[in-house]
Amino acid sequence: METKLRMDAALFQVMDNEGNFDKELEPEIPKDRLIRMYRVMQTVRMFENIAMGLQRQGRIGFYIGAGGQEACSVGSTAALKDSDWIFPAYREPGALLLRGETVLQLFHQLFGNENDYNKGRQMPNHFNSRDKNIATPSSPIATQIPHAVGMAIAAKMRKTGDIALTYFGDGATSENDFHSGMNFAGIFDAPVIMFCQNNGYAISLPTRRQTRAETLAQKAIAYGIPGERVDGNDILAVYSVTRKAVERARKGGGPTMIEAITYRIGPHSSSDDPTKYRDKSEVDEWMKKEPIRRMRGYLIKKGIWNDDKEKELLEEIDAEIRSAVKVAEGIAKPPIETIFENVYEEMPWHLKEQMEETVSRYGKNYRGG
Amino acid sequence: MKREFKLPDVGEGVAEGEIRKWLVKEGEHVREFQPLAEIMTDKVNVEMTSPFTGKILKLRAEEGRVIKVGEVIMEVDVEEESTAPMEIKHDSSPRQPEAAKAASHPQHATESIRATPAVRKRARELGIDISTVKSGDSSGRITAEDVEAAAKSVHAGTPAPAPPHVSGPHDGVERIPVQGIRRRIFERMAESKRNIPHFSYVDEVDMTSIVHARDILTRKYGDSVKVTFLPFIIKAAAEALKEFPYLNASYDEKTNEILLKKRYNIGVAVATDAGLIVPNIKDADVKSIEQLAREVEELASKARAGNLSLPEVQGGTFTITNVGPIGGLLSSPVINYPESAILATHRIQQRPVVRNGQIIIRDMMYFTVACDHRIVDGAVAARFGNKLMEYLEHPFLMKLEF
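Heads up: the protein sequence lines correspond to chains A and B, in order.
Residue numbers for the first sequence follow the working numbering, beginning at 1 and rising by one.
Residue numbers for the second sequence follow the working numbering, beginning at 1 and rising by one.
Source of the hints: derived by calculation from the structure; they are not laboratory data.
Quantities reported herein were computed from a predicted structural model and do not represent experimental measurements.
A virtual CB, placed ideally from N, CA and C, is assigned to each residue, including glycine.
Errors might be hidden in some of the hints.
To be verified - In silico lysine-lysine, PhoX-like type, Cα no more than 20 angstroms apart, as pairs: (1) A:LYS280 to A:LYS23; (2) B:LYS2 to B:LYS55; (3) B:LYS226 to B:LYS302; (4) B:LYS68 to B:LYS58; (5) B:LYS43 to A:LYS276; (6) B:LYS58 to A:LYS280.
Unchecked claim - Partial pick of chain B residues on the chain A-facing surface, computed with a CB cut under 7 angstroms: (7) VAL10; (8) GLY11; (9) PRO51; (10) GLY172.
With the hints as extra help, turn the sequences into a complete structure.
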């Protein structure tokens with residue numbers, strides 16, 4: 001008997017690189033929603049340019065970009081209800097923005113100021129929003145996967161009808177938490193979507209060094225979970241595939257793993273230089289498949305977009321971002337006491353002692369010099 | 001308003017960067033986030049963008065130059081108040097407590113002063129307000145020399161300045177700036193412990209003969225010179241070192257060679273109010289006990305008064321630290337970098353010992369020899385210890401002059 005090591009590795013696509021689309025596969029998304037999705041994609045890209053500049057100028061400590069991967073988070077979040085839970089990795093500001101989080105709030109987070117939801121106690125670029133059911137990312141890779149599975153099981157037990165979706169990268173599929181999460185999700189029929197953004201590199205490690213398997217999606221088979229592969233730079237395809245997984249989960253059909261093939265245009269983070277491990281020719285090749293250009297092509301072909309609207313949109317976003325930087329940078333840092341707060345409901349003695357010592361050194365309500 | 005842009009840490013822990021190419025010119029108008037320059041670091045190559053909107057007054061670094069993080073690379077006449085790093089307006093910020101203000105670096109009035117971060121730091125160390133320092137040249141730049149000169153004129157005629165007291169009411173801590181001798185001790189001790197793999201060898205020596213000899217010499221010299229045990233120990237060490245050259249040595253990192261010293265300049269650790277100082281007695285091997293006694297006395301009093309000359313603290317080859325007069329049973333001394341060994345001697349005490357099957361009372365002393373284990377093997381240190389004991393127990397074996 002022949003040993004089977006393969007599954008269908010074909011990518012699901014709706015549109016080509018120019019935005020020409022297959023009418024039969026085209027999902028039904030209202031016009032305003034499409035434009036909103038496009039606006040968020042552009043915002044993520046422009047936000048990144050400014051934020052990386054802020055890091056280079058020494059005004060924020062760290063940044064992780066999502067440029068080139070906007071279709072993944074925006075397309076998949078668009079297929080969810082707003083009450084569904086999202087457990088992000090760190091390249092999903094698009095998910096927050098699509099749910100209505102403001103650019104200003106993201107800058108509050110980057111500057112770690114008083115208005116930041118986490119009061120500066122998270123690394124920059126670890127965006128979350130309690131209101132929007134988007135959990136805070138944790139820097140260790142893949143730890144969010146079991147959290148999402150747990151939340152999905154809880155939602156199922158509480159019969160809320162909500163599901164959970166978690167984002168992670170190709171590197172995460174080598175982590176124990178991925179395997180534990182997949183196994184639990186399968187066993188408990190958890191209404192969860194495992195959304196893997198395979199951008200080809202775990203920092204500098206290429207996917208071919210990450211696994212011997214031909215695809216990441218086929219890992220789902222071992223857990224009895226459907227695995228889908230999708231062109232992650234095709235926002236319509238991402239939306240459709242996620243939609244299908246959402247419907248399955250809501251109907252009690254259990255989890256789905258989605259492998260979205262994508263590419264990050266910039267560095268892994270502000271501490272990385274991709275020219276050391278990627279050829280320019282490779283980047284140029286991927287720029288042809290870049291998701292914003294494709295979405296714009298689609299919108300123009302649908303007759304709902306043009307150059308004037310584009311220009312106006314970009315000016316609007318640029319002004320929004322620049323004014324948000326100004327406001328967020330001008331807001332005070334949180335008082336030093338907040339370092340010790342919000343972990344325990346009642347502060348234990350050792351933290352109390354440390355807080356008293358810190359306050360005696362810096363004074364009450366100290367916010368940095 | 002003129003603003004300076006200092007090279008930030010563009011990666012994580014980046015210390016310097018090379019300006020590969022300026023993308024703007026002097027006199028040009030730049031907008032916030034407009035690309036300024038291509039900067040290459042050992043970690044990342046980045047396109048630096050402008051933190052300000054305004055007219056470029058000066059590009060302070062030419063292409064190809066390596067700039068340290070914190071150095072000014074550009075001056076801009078800022079036209080609108082952009083949110084720049086150094087002068088953030090905290091509208092909702094409460095008044096800073098005095099203690100915190102004092103503890104943080106003084107920022108006032110330093111905006112328009114041209115001085116490198118190192119110079120500013122030096123000024124803070126010396127307790128000099130940099131805004132009061134005059135530049136020594138026409139460029140208006142304040143250099144380290146300017147700061148030192150200002151410090152000299154401020155402190156001229158006054159004894160060692162009291163360290164600036166910068167603690168506040170909330171502190172519960174007194175803050176002592178590490179400077180002067182203490183700074184030197186910091187550097188040298190850390191250097192020694194960081195570079196030298198120490199080991200300690202301990203034994204005890206019967207000092208009864210030396211106690212007798214000292215009594216006799218004290219009677220002989222009377223008040224003219226104070227004879228302590230130290231001259232005998234110095235002498236014994238110098239004699240023993242002649243037979244164990246690797247303990248009178250140092251390591252030359254640059255040439256990867258061990259330097260065996262042919263002179264026996266024995267350092268003596270002196271505790272002063274300002275801290276530990278180690279002057280050394282040159283050519284201790286050829287000096288008489290009386291000479292050694294006089295020199296020990298002289299160097300110690302000079303050290304306490306802060307009057308030692310440079311040659312008196314330089315050129316040592318081996319060090320003795322005599323802990324005995326203060327107390328203690330044993331110690332493990334830190335080598336006086338870059339020497340290869342140090343001898344610590346301790347309290348001389350009458351103790352019962354067994355000799356030829358009989359318990360008798362002798363003047364006993366523990367000593368420690370700490371060595372650089374790269375240069376000195378354990379067996380060598382042990383044999384050196386034995387030789388030292390031999391000389392101290394039987395002083396007539398040494399070439400002694402009184």
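Status of the hints after comparison with the structure:
The straight-line distance between the Cα atoms of LYS280 of chain A and LYS23 of chain A is roughly 34 angstroms, outside the 20 angstroms bound, and the hint therefore fails. The straight-line distance between the Cα atoms of LYS2 of chain B and LYS55 of chain B is roughly 9 angstroms, inside the 20 angstroms bound, and the hint therefore holds. Using a Cα cut-off of 20 angstroms, the hinted pair LYS226 of chain B and LYS302 of chain B holds, with the two alpha carbons roughly 16 angstroms apart. Using a Cα cut-off of 20 angstroms, the hinted pair LYS68 of chain B and LYS58 of chain B holds, with the two alpha carbons roughly 18 angstroms apart.
At most 20 angstroms may separate the alpha-carbon atoms for a hinted pair to count; LYS43 of chain B and LYS276 of chain A meet this at roughly 10 angstroms. In summary, the hint linking LYS58 of chain B to LYS280 of chain A is not supported, as the alpha carbons are separated by about 34 angstroms, beyond the 20 angstroms threshold. A cut of 7 angstroms between beta carbons decides the hint on VAL10 of chain B: the least distance to chain A is about 5 angstroms, and the hint holds. About 5 angstroms separates the beta-carbon of GLY11 of chain B from the nearest beta-carbon of chain A, less than 7 angstroms, and the hint is met.
The interface hint given for PRO51 of chain B is met, as the beta carbon of that residue sits about 4 angstroms from the closest beta carbon of chain A, less than 7 angstroms. Checking GLY172 of chain B against chain A: minimum C-beta separation of about 6 angstroms stays under 7 angstroms; hint holds.
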